[in-house]
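Engineer: First to last, the protein sequences are chains A and B.
Each residue of the first sequence is one higher than the one before, counting from 28 in the numbering used here.
Each residue of the second sequence is one higher than the one before, counting from 11 in the numbering used here.
Note that these hints are calculated values from the structure, not bench results.
Each hint should be verified, as a subset may be incorrect.
Have a look at the derived ranges for each label pair, beta carbon to beta carbon [stated by the list, open to error]:
{"id": "1", "chain 1": "A", "residue 1": "D45", "chain 2": "B", "residue 2": "V198", "range": "50 to 60 angstroms"}
{"id": "2", "chain 1": "A", "residue 1": "N151", "chain 2": "B", "residue 2": "R56", "range": "52 to 62 angstroms"}
{"id": "3", "chain 1": "A", "residue 1": "R129", "chain 2": "B", "residue 2": "F50", "range": "37 to 47 angstroms"}
{"id": "4", "chain 1": "A", "residue 1": "N108", "chain 2": "B", "residue 2": "I121", "range": "49 to 59 angstroms"}
{"id": "5", "chain 1": "A", "residue 1": "E148", "chain 2": "B", "residue 2": "F50", "range": "32 to 42 angstroms"}
The C-beta atom is built at its ideal place from N, Cα and C for all residues, glycine as well.
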Amino acid sequence: MRGISKHFGGLQALKDVDLTLHAGELLAIVGDNGAGKSTLIKVLTGVYPPDGGSISLDGQPVRVPSRRASIDLGIDAVYQNLALVDYLTAPENVYLGNEIKRSVLGITVLDNRGMRKNAAEVLNERLGVALGNIDQMTFNLSGGQRQAVAIARALIQQKVRILILDEPTAALGPEEARRTLEVVQRLKGKDMGIIMISHQLEHVFELADRIMVMRRGRLAGVRTVAQTTRQEILGLIVGSISDYEADGGRSGASAPVAS
Amino acid sequence: MSVPMVAAGRERKQPVFERYLNILGPLAMILALGVIMAIFEPRFFRITNIRIILQDAAIYMVLGMAMTLVITGAGIDLSIGSISALSAIVMAIFIKDLNVAVYVAMLLALIVGIGCGLVNGLIITLLRVPDLIATLSTDLVFRGLALVLAAGAVLQRFPEPIPAIGRGRILNDTIPIPIIIGVAVLLVGVFIYRYTPLGRYAIAIGGNRESAMLAGINVRRNKVYHYMLMGAAAALAGIMLTGRLNAVQATVAEGFALHTIAAVVVGGTVLFGGRGTMMGTLVGVILLSMVTNALVILRMAFFWQLVASGVIILASVAFYSYLERRGKGGSE
């Protein structure tokens, strides 16, 4: 993503943000509330059309006009609120919008049994999460289980190139957060790139390869985990250190509108 | 949401039971009504009377199927009575005044119904008028059109198969055709609900619209489909009603919308969307028809039917509210 901008009415949510993700890498995005992290990934996943900038995948420029388009490109996200439907079962949620179908007497119907089996497989084997009864409604599940269902949803796509996790541990207790991090750890290193938004720097330092810091809708800096310190990242988050605004090179003419 | 671990220890072993728990309320009421009638008026159980009850319920089965889908998708359609009247009037005019073949006229009625549903759906999704207001308004529009077209006339005596659809019987004159149509339509509804994306997406849209969108579901298109299906069902109901009376005028089917919505809600479909059952709707439809019939048989004044229907709707919704509070551990 290069030079992404987005504003809502008079509010400049993103200004000229660049993002690069390599295959097999985990990139963490950190930043204060309102720094534009969630907006950025919603642009990448086709929820919000950007006002400016370009996106390319494998060097090819792509357009992501809709959520559907992003899924088809292999860009999938686990949103902060998980986007699950409470009164559907785990398999029904996992396959929502991507149902497996089969043909019975020439009529195309949902293959509920197949979806159930595959979803159980992904949850148990790839994510190492047991649900007990797989047919229970999702509102019955614990926070960690719900998180796993949301992640499974991305994993059953034909080709996930980029998986985005928006605050995967924010709503969880310590125990469940730990388990979810283990799930992310398991996924890492397969040939997809992962973008993880997080407030918790300890998690970020534990899992990420690189850290991208956002501040007030702009890129504040990018660091390799091996070559940075918590102190430096914190400085970038609060604005006491800045790669760009200090030399005036990229800050643009107008002052940030958000306050 | 705020207490993530809360539900872990509370998993149930019988999800099927849980899914259909809702039907128990109205089923219990049907049973209670049966006991009361067994004591006060055994004639209630005669085959002829049960046939009357089911025949009366048949039209609402057709309407209830589509309405269950509409309501599950967080919609509501108040215009269905007018759609029934308008499609029936159009059909009648084509048959009586224009001498069009009866099957062609019936097809036209369905097209009118689907068209009305399409109009509802487009107003709701493109103009973003709330479902309630949109269909409240189109109810007036469709009714007005029916009145204009019919110009006060009562059209009657239709060729077969219209009377057969409304009041015919098959198998040695035992089983009324409208009941077969009603049950068949409801079975199609069960199928839609369980085995098609249309049904699954309705639950998703009604349960969590944003989640549905994020899953890549085209919410607007699905909502339009719901209303088109509702329109088709209303047209079929209009044909059935015309056949039953072998006559039609522009003022028929006035109470369709509220009666159908009541039956769907009594059956356990949540009025705000996201949850519903076709079987529940079947039970709800039958319960309301039984009550009406019981009061007639007991020779109570018509007005008591209104009182009874109201009480039943309140009782069921209170029952679901109670289940909800208990089920969610008092958190909602």
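Engineer: Against each hint, give a clear statement of whether it holds in the structure.
Structural biologist: Against the structure, the hints:
1. A:D45 with B:V198: 50 to 60 angstroms: holds, 53 angstroms
2. A:N151 with B:R56: 52 to 62 angstroms: For B:R56 against A:N151, whose Cβ atoms are near 57 angstroms apart, the range 52 to 62 angstroms holds.
3. A:R129 with B:F50: 37 to 47 angstroms: violated, 52 angstroms
4. A:N108 with B:I121: 49 to 59 angstroms: The hint (49 to 59 angstroms, Cβ to Cβ) is violated, given that A:N108 and B:I121 are roughly 42 angstroms apart.
5. A:E148 with B:F50: 32 to 42 angstroms: Cβ of A:E148 to Cβ of B:F50: about 58 angstroms, so the range 32 to 42 angstroms is violated.
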